[in-house]
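Student: Can you make the complete structure from the sequences, with help from the hints?
Protein chains: 2
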Amino acid sequence: MTPDVAYINDLSKKVIENDRTTLAKAITLIESTKKEHQKIAEGLLEKCLEYQKESVRVGITGVPGVGKSTFIENFGMLLVHRGKKVAVLTIDPSSNETKGSILGDKVRMETLSKEKNAFIRPSPTSGSLGGVARKTRETIILLEAAGYDVILIETVGVGQNETAVRDMTDFFLLLKLPGAGDELQGIKRGVMEMADAIAINKADGQNVQPAETAQLEFSRALHLLSAKENGWIPQVMTCSAMQNTGLKPIWSCIEKFMLHTKENGSFHRTRKQQNKKWLRHHLNHILLQDFYDNPTLSQALSSMEEKVMESEITPFVAAERLLRAYRKA
Amino acid sequence: MTPDVAYINDLSKKVIENDRTTLAKAITLIESTKKEHQKIAEGLLEKCLEYQKESVRVGITGVPGVGKSTFIENFGMLLVHRGKKVAVLTIDPSSNETKGSILGDKVRMETLSKEKNAFIRPSPTSGSLGGVARKTRETIILLEAAGYDVILIETVGVGQNETAVRDMTDFFLLLKLPGAGDELQGIKRGVMEMADAIAINKADGQNVQPAETAQLEFSRALHLLSAKENGWIPQVMTCSAMQNTGLKPIWSCIEKFMLHTKENGSFHRTRKQQNKKWLRHHLNHILLQDFYDNPTLSQALSSMEEKVMESEITPFVAAERLLRAYRKA
Chain A
1 MTPDVAYIND LSKKVIENDR TTLAKAITLI ESTKKEHQKI AEGLLEKCLE YQKESVRVGI
61 TGVPGVGKST FIENFGMLLV HRGKKVAVLT IDPSSNETKG SILGDKVRME TLSKEKNAFI
121 RPSPTSGSLG GVARKTRETI ILLEAAGYDV ILIETVGVGQ NETAVRDMTD FFLLLKLPGA
181 GDELQGIKRG VMEMADAIAI NKADGQNVQP AETAQLEFSR ALHLLSAKEN GWIPQVMTCS
241 AMQNTGLKPI WSCIEKFMLH TKENGSFHRT RKQQNKKWLR HHLNHILLQD FYDNPTLSQA
301 LSSMEEKVME SEITPFVAAE RLLRAYRKA
Chain B
1 MTPDVAYIND LSKKVIENDR TTLAKAITLI ESTKKEHQKI AEGLLEKCLE YQKESVRVGI
61 TGVPGVGKST FIENFGMLLV HRGKKVAVLT IDPSSNETKG SILGDKVRME TLSKEKNAFI
121 RPSPTSGSLG GVARKTRETI ILLEAAGYDV ILIETVGVGQ NETAVRDMTD FFLLLKLPGA
181 GDELQGIKRG VMEMADAIAI NKADGQNVQP AETAQLEFSR ALHLLSAKEN GWIPQVMTCS
241 AMQNTGLKPI WSCIEKFMLH TKENGSFHRT RKQQNKKWLR HHLNHILLQD FYDNPTLSQA
301 LSSMEEKVME SEITPFVAAE RLLRAYRKA
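In order, the protein sequences belong to chains A and B.
Note that our numbering numbers the first sequence so that position 112 is 112, with each residue one more than the last.
Note that our numbering numbers the second sequence so that position 207 is 207, with each residue one more than the last.
In case anyone wonders, no lab produced these hints; they're calculated from the structure.
Please note that the accuracy of each hint is not assured.
One copy or two, it doesn't matter: identical chains are merged, so the pair holds either way.
[Stated by the list, open to error] Listed next, the in silico SDA-like pairs over lysine to any residue satisfying Cα-Cα at most 25 angstroms (straight line): (1) K114 - T296; (2) K47 - L323; (3) K277 - S302; (4) K34 - H223; (5) K262 - E110; (6) K47 - E312; (7) K328 - N18; (8) K276 - E50; (9) K13 - K84; (10) K53 - M309; (11) K262 - Q289; (12) K47 - N264; (13) K47 - E320; (14) K272 - C253; (15) K277 - Q289; (16) K13 - S311; (17) K135 - A24; (18) K25 - V317; (19) K276 - L301; (20) K116 - S55; (21) K114 - H37; (22) K262 - S311; (23) K53 - E110; (24) K135 - E46.
Tutor: Encoded structure:
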């Protein structure tokens, strides 16, 4: 099956011109599980990689309720007003059509979504974390070819999602709530270690004082961690996304980080390592696909599944037999 | 390489006798990444599957700070007092030695950990979610062969971890905090849909009223979801793990669930489906291992990684070439 070269050329030309309809369509092709769509997507990505612009990739995380949407809405608007082209992606494999919250996504980022220089794309609605992450990684390539300057990648919660986002971003921002007691307990050491900056959000009204206390405590906690390899000292700031305060210093911090890491070479070193991981993810994907796409094996798989379900054989024996069948095929 | 049969027989005998030192050692073998350990572990698991007891597998989740440790400590003690043998496992691939919280794990479950009829095993300290989940799945087999009646599997946060736990448990309990406003926003629809029961924890003192309000709201929210395939209607309860109140009704609820699902056949149907997923996970693991263990391919891999890091070729082309090399090898 040879993908249509003329079609790919046309798509990539329009993506590079930042034709938004084509961009949306191209991302849908990336997210598709259909073999023929995947082939087109790969061809398109090959093309786009040639036109890749060095954007600023920012990962943003925080527990539900910390105000990520409001933050991204107003932070994105700040960047748009400074002449930046801003794209927003989400990594949230557990979400369904409502994208994670019962309230749904329609009320999120209303102003930003109307901006000519902003492009918002929700998470693929299905798939494993690995799959979603891989597709987000590929979408970044399209966005960079389309000339976006800043790519904000939002993720929810604590844990694996963050690692996935860390592996595809330059700067990692952790949003926290004021109120330190319970909060400190809840800090995942791994997520703390990933953060290049922590912003205590909702620092307004009665929360200003608790936010400043939290800022102090987080600064102390960060000092307990060993220094980052890239020589960057994580910053702790306060802000109120709702009241649009404290957002400018966060962007300044990101700019300072970019300068710092580009000067000492860690920026490109990190990107190289990320490319390596990207290869690993893609390789694992096609290795497994090679097994599952083989029609002669799918029958053997069904039969083994049946046996395992009925406890006739163990998963270990069944998998061993399937591997042998794969090697022969 | 043939694993030592006599050694495996000795190990499995002691595991089945619930020799705790051997049990701990056997789990360490399961968690090991060394090839020879894995072979022993597989042999051991084969043996243990013959002696498997039908335990109650309970997944417990909730955001950091909801009080999972205190809950498990006191809920576990309740079960021990009722003559049950209780095991506690954790799925938390993002954690380090401190198991997720800066406070560390030493202060967690102090009473339960001293109980003769309780066995607590923290999460493997490294590995991907898939790896950790697979190993937890295998550990369950050992614990069941050792005669544990109830296996509590704790997980942190929202999202992928929960899906992994759901795939290896019979009953899924979601712990929530009182205070409904922010909470409802933060509910991940996916996690809500998984829950067989929700317990609003910390329902004590001034929190009793907010907890009851939350109970009402969650009941309503659950009614918006379509009915479960197994005919079970998820329950919403309140409790205070700290004050040891409301825990008995939660155990009654689990007992009722077991009766209900065993009567209508969904219990065994679900377990069969879980076995099928287990096969898939293990199969994916050994398929990839077959590539990465091949010494001739590891050189090709290094060379492709180098090229991708230097942007000489794209991950797609590199992966395609490696797949071809694998097929030849």
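Student: Now tell me if each hint is right for this structure.
Tutor: Now for the hints, and whether the structure bears them out:
1. K114 - T296: neither (50 angstroms within a copy, 53 angstroms between copies)
2. K47 - L323: between (36 angstroms within a copy, 22 angstroms between copies)
3. K277 - S302: Intra 32 angstroms, inter 12 angstroms, cutoff 25 angstroms: inter-copy only.
4. K34 - H223: Neither, since 48 angstroms and 35 angstroms both go past 25 angstroms.
5. K262 - E110: Cα proximity of K262 and E110: none, with 34 angstroms in one copy and 48 angstroms across.
6. K47 - E312: Answer is between: at 14 angstroms across copies they meet the 25 angstroms cutoff, but 50 angstroms inside does not.
7. K328 - N18: The answer is neither: 47 angstroms in one copy and 42 angstroms across copies each exceed 25 angstroms.
8. K276 - E50: Within one copy, since 18 angstroms is at most 25 angstroms while 43 angstroms is not.
9. K13 - K84: Within one copy only: 22 angstroms inside, 67 angstroms across.
10. K53 - M309: between (50 angstroms within a copy, 17 angstroms between copies)
11. K262 - Q289: neither (38 angstroms within a copy, 37 angstroms between copies)
12. K47 - N264: neither (30 angstroms within a copy, 56 angstroms between copies)
13. K47 - E320: between (40 angstroms within a copy, 17 angstroms between copies)
14. K272 - C253: Within. Shortest intra-copy distance 23 angstroms satisfies the 25 angstroms Cα cut-off; inter-copy 52 angstroms does not.
15. K277 - Q289: Both, since 18 angstroms and 17 angstroms are each at most 25 angstroms.
16. K13 - S311: between (55 angstroms within a copy, 21 angstroms between copies)
17. K135 - A24: Cα proximity of K135 and A24: one copy only (13 angstroms, versus 40 angstroms across).
18. K25 - V317: Close across copies (23 angstroms), not inside one copy (44 angstroms); limit 25 angstroms.
19. K276 - L301: between (32 angstroms within a copy, 10 angstroms between copies)
20. K116 - S55: The answer is within: 18 angstroms in one copy meets 25 angstroms, while 58 angstroms across copies does not.
21. K114 - H37: neither (29 angstroms within a copy, 57 angstroms between copies)
22. K262 - S311: Between. Shortest inter-copy distance 18 angstroms satisfies the 25 angstroms Cα cut-off; intra-copy 57 angstroms does not.
23. K53 - E110: Answer is neither; intra-copy 27 angstroms and inter-copy 54 angstroms both fail.
24. K135 - E46: So K135 and E46 pass the 25 angstroms test inside one copy only (14 angstroms; across, 38 angstroms).
Consistency with the previously given hints fails for numbers 1, 4, 5, 7, 11, 12, 21 and 23, ordered from lowest to highest.
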